[in-house]
Amino acid sequence: MASASKRLIWGYDMSWLQKLHETYDACRGNEPEATEKLLPVSHAHQQAHVEITLDMNGNFESARCIGKVETAIPATESSATRSGTKAPPHPLCDKIQYCAGDYVALGGAKKSFFSEYHAQLLAWCQSPFAHPKAKAVLSYIGKKSLIADLVSERVLHIGPDQKLLTQWTIGGNTPEIFKVLTAKAGERDQGDALIRWQVRDPSQPPSEVWLDESLQDSWAEFDASTKEVRGLCMVTGDMQSYLAESHPRRIRHAGDGAKLISANDSSGFTFRGRFTDDTGLQASGVGYEVTQKAHNALRWLIHRQAYRQGDQVIVCWAVGGKPVPDPFASTLDLIDEPGEIESAPQLQLHVDAGQALAQRLKQRLRGYGAQLGATDDVVVMGLDSATPGRMAITYYRELTGSDLLNRVENWHARYAWFQNFSKDKRFVGAPAPHDIAECAYGRRLDERLKKAVVERLLPSIIDGQSLPRDLVNSVVRRASNRVGLDHWEWEKSLGIACGLYRGFCNREDYQMDLEADRHTRDYLYGRLLALAERIESLALYVGGEKRDTTAAKLMQRFADRPASTWRTIELALTPAKSRLRAKRGGSMHELDRLHDEIVALFQGNDFMDDSKLSGEFLLGYHCQRRALMPPKAADSGTSQEPTDE
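Using my numbering, read the sequence shown as starting at 427 and increasing by one per residue.
Among the hints, erroneous ones may be present.
Claimed, not checked - Distance windows between CB atoms, simulated:
{"hint": "1", "residue 1": "E496", "residue 2": "S640", "range": "19 to 27 Å"}
{"hint": "2", "residue 1": "A812", "residue 2": "S441", "range": "20 to 28 Å"}
{"hint": "3", "residue 1": "T801", "residue 2": "N485", "range": "52 to 60 Å"}
{"hint": "4", "residue 1": "E1016", "residue 2": "R730", "range": "49 to 57 Å"}
{"hint": "5", "residue 1": "D1018", "residue 2": "A782", "range": "48 to 56 Å"}
{"hint": "6", "residue 1": "D803", "residue 2": "W594", "range": "51 to 59 Å"}
Said to hold, decoys possible - SDA-like cross-link-like pairs, simulated, lysine to any residue; straight-line CA separation at most 20 Å:
{"hint": "7", "residue 1": "K979", "residue 2": "G910"}
{"hint": "8", "residue 1": "K570", "residue 2": "K653"}
{"hint": "9", "residue 1": "K610", "residue 2": "Q473"}
{"hint": "10", "residue 1": "K653", "residue 2": "A779"}
{"hint": "11", "residue 1": "K972", "residue 2": "L911"}
{"hint": "12", "residue 1": "K1038", "residue 2": "N899"}
{"hint": "13", "residue 1": "K561", "residue 2": "E477"}
{"hint": "14", "residue 1": "K494", "residue 2": "K605"}
{"hint": "15", "residue 1": "K972", "residue 2": "R1051"}
{"hint": "16", "residue 1": "K851", "residue 2": "N899"}
Keep in mind the hints are simulated off the structure, nothing from the lab.
Because the structure is a prediction, the values reported are computed rather than measured.
A virtual CB, placed ideally from N, CA and C, is assigned to each residue, including glycine.
With the hints as constraints, model all of the structure from the sequences given.
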C-alpha cells in the first residue's frame, strides 16, 4: 500500500513494514538510557499545554500550564489521524474542548465534543480492561467543573462576562496560555489547550498517566477488543489479524501530516483510487498492530539517527537495534578523532596518508563490527513528500552488517583527500554529502537541489556505484574558479574536488601524496601551477607585499588553456625570480631545479597541448602545493613563510 491509495509495490512495501515491525519488537523495552522510548501501540504523540493533578477518587488537586510538551497519549485509530471536521476524541488526554463539560457554558468558541469523549472513556472504564487512573479521570470530568477549576488556578482566563477570553486585553503580563496557543485571525481559543493528567496513588507509581505502562497496556488491550474487521495480514501471514483501516501520520515531526499508507477518500474526493474498501481486503491488508509498531519504530529511528534535509529523511538502522555507523557523516565525524593535516618538509614526500587513513577506518569500524554481526539485517530507507499529505519511499536497501561496514569503509577510503575546511577543521577523508552539494552548486544551492544531490549520492555510498559524472565535473569547475570564491570556500572546494575526482577515476590509482614519477600531462601541469604560485608567494613575502599571485588569478584560464596561459604566468614570474635570487639564492636554485624536472617529465608534444585540463590537474596542483609547504614552527604553531592558510 503506497502513498495515496491502496496500491502495492511487491517486495518493497511489505518488506519495510516487516523490518520495522521486527525492529519494534527487538527494541521495545531495550531503548538506550537517556533516549526517547518507543511509542506504545494505540498511542500517539501530541503537544500538551496544561497538566492537571487528581487523586485516585477523581478530586481536583492542582493544575499548571506547561508550555508545549510532546506527550505520548492513548489514541484510537481514527483519533490519531483526525483533522478538519472529522474530530473523534482521544480516550484520555485531549483538548479542553473535549474534556470540559462546562466548555459551552463558559463561552467556548467551538463545538463541544464532551459527550463523545465521555462516552468513549466510560466504555473503557466499564470494560474488563479498565484502569483505576482512567476511572479517576472519568469521575472528575463527570463533575463538569474543569474550566472553572483551571480559572481558579489562573491557568485559563475569563472576562467580565464570565466567558473564556480569546485575546488578552486586561493589561499586565500576558498569561502563558496565550503564548503557547496558535492564533487564528489574532485570536486564541483557550479550548484548544490539550490536557494531560496526573493521578496520585502512592501504591501505583508513576502518577503521570503518560508514563504508566500498566495504563498503556490497559488501553491497548481495550482498543484491540473493539476491532471488527479480520483478514490476512500480508506482513505476518496471520489469517485472523485485525486489519488497519487507517495508518499513522506525524512520522517525521509533530506537525507532519503526510502518510506512507492511505486509503481512497469517501468524501471530498481529493483522490479517487481503484478500491472502495478501507481495510485493504481488495488489495493487501496490513494488521493494525503491525502498522502501529512499524510506524512507531520508524518515528523513533528518525528522531534518533536520521539524516534530515527539509522534508527529506534518510535513516539507516540495524533491525536488532545494534549501533551502526552513519553513512552520511564525513570521515572526521565518523572516526571522531580530529586530525591535523601534517605539514611536510620542503620538497620532501609525505608519509602515506592513504594507509594511515585505512588503518584508522578499520579500527573505528571494527568497534561497530564487534556489536553488529556480519549477517545482521541492516536497512537504509529514504523518505520524502511532494505534498503535505502524501509521502513516498524514495530509497530502500536491505543489507547485512558486513555489507554496510564494507561499503562505508570503501566510500571513505575511495573518496578520501586532505580536507581543509577552516583553521580548526582539517582532516584526511571523505566529505559529507551536504558538503559535496554545497561545493558543487555554491550560491545556486537551494533546499530542493540539495535534496536531489544527496539522493543521487545514496547509490554511491550504499551500493558502491560510481559518482554521477556531471556532479564531479561541477565540483572540479568550481574548485578551478579560485577568484570567484573566498579563501576558505576555495580551500574546502579544492579538497572535495580532489577527493571526488580521485575516487571517480579509481582505476588510475591516484595517491594522496605527490607522485614524482607520474608522467600524465594534466598532473604535470597542475604541479607547474603550484610551483609558480610558490615562487611568486615567496617573493611577495620577502618584499612585504600582500596580493594574489598571478597563478591564483589565472587558475580558471589555466584549466581551460594551460599551454598558452603558462607562458603568461612564466613571464610574470621574472621579477619574482630576480628578487628571490638576490635574497634567497639557495631556495630559488632548488625551485629552478624542480621546474626543470617537471618539464622534463612531459612526453611527446604534451607540453604544447593547449586543450582543456581534466580534474587530474587539481590532484597534481594540490600534492605539489603541499610538498612545497614549509614546516610549521614547533614552538609557536605558526609558519615563518606563506602557507595554504
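Results for each hint:
1. Between E496 and S640 the beta carbon distance is about 22 Å. The supplied range of 19 to 27 Å therefore holds.
2. At roughly 23 Å, the beta carbons of A812 and S441 sit within the given window of 20 to 28 Å.
3. For the pair T801 and N485, the supplied restraint of 52 to 60 Å holds, since their beta-carbon distance comes to about 57 Å.
4. Look at E1016 against R730: about 55 Å separates their beta carbons, and that is inside 49 to 57 Å.
5. Take D1018 and A782: their Cβ atoms lie about 33 Å apart, and the range 48 to 56 Å is violated.
6. Evaluation of the 51 to 59 Å hint for D803 and W594 yields a pass: the beta carbon distance comes to about 55 Å.
7. Simply put, K979 and G910 have alpha-carbon atoms about 10 Å apart, close enough for the 20 Å limit, and the pair holds.
8. Pair hint K570 plus K653 does not hold up; C-alpha atoms about 30 Å apart against a cutoff of 20 Å.
9. A C-alpha spacing of about 18 Å is found between K610 and Q473, which places the hinted pair at or below 20 Å, so the restraint holds.
10. For the given pair, K653 sits about 63 Å from A779 by alpha-carbon distance, which is inconsistent with the 20 Å threshold.
11. Between K972 and L911 the alpha-carbon distance is near 18 Å, which keeps this suggested pair within the 20 Å criterion.
12. About 13 Å separates the Cα atoms of K1038 and N899, which keeps this hinted pair within 20 Å; it holds.
13. At roughly 17 Å between alpha-carbon atoms, K561 and E477 fall within 20 Å of each other, so this suggested pair holds.
14. The straight-line distance between the Cα atoms of K494 and K605 is roughly 10 Å, inside the 20 Å bound, and the hint therefore holds.
15. Restraint check: the Cα-Cα separation between K972 and R1051 comes to about 19 Å, which is no more than 20 Å; the hinted pair holds.
16. Between K851 and N899 the CA atoms are separated by roughly 25 Å; this puts the pair beyond 20 Å, and the hint is violated.
Violation of the numbered hints given earlier is confined to hints 5, 8, 10 and 16; the remaining hints are satisfied by the structure.
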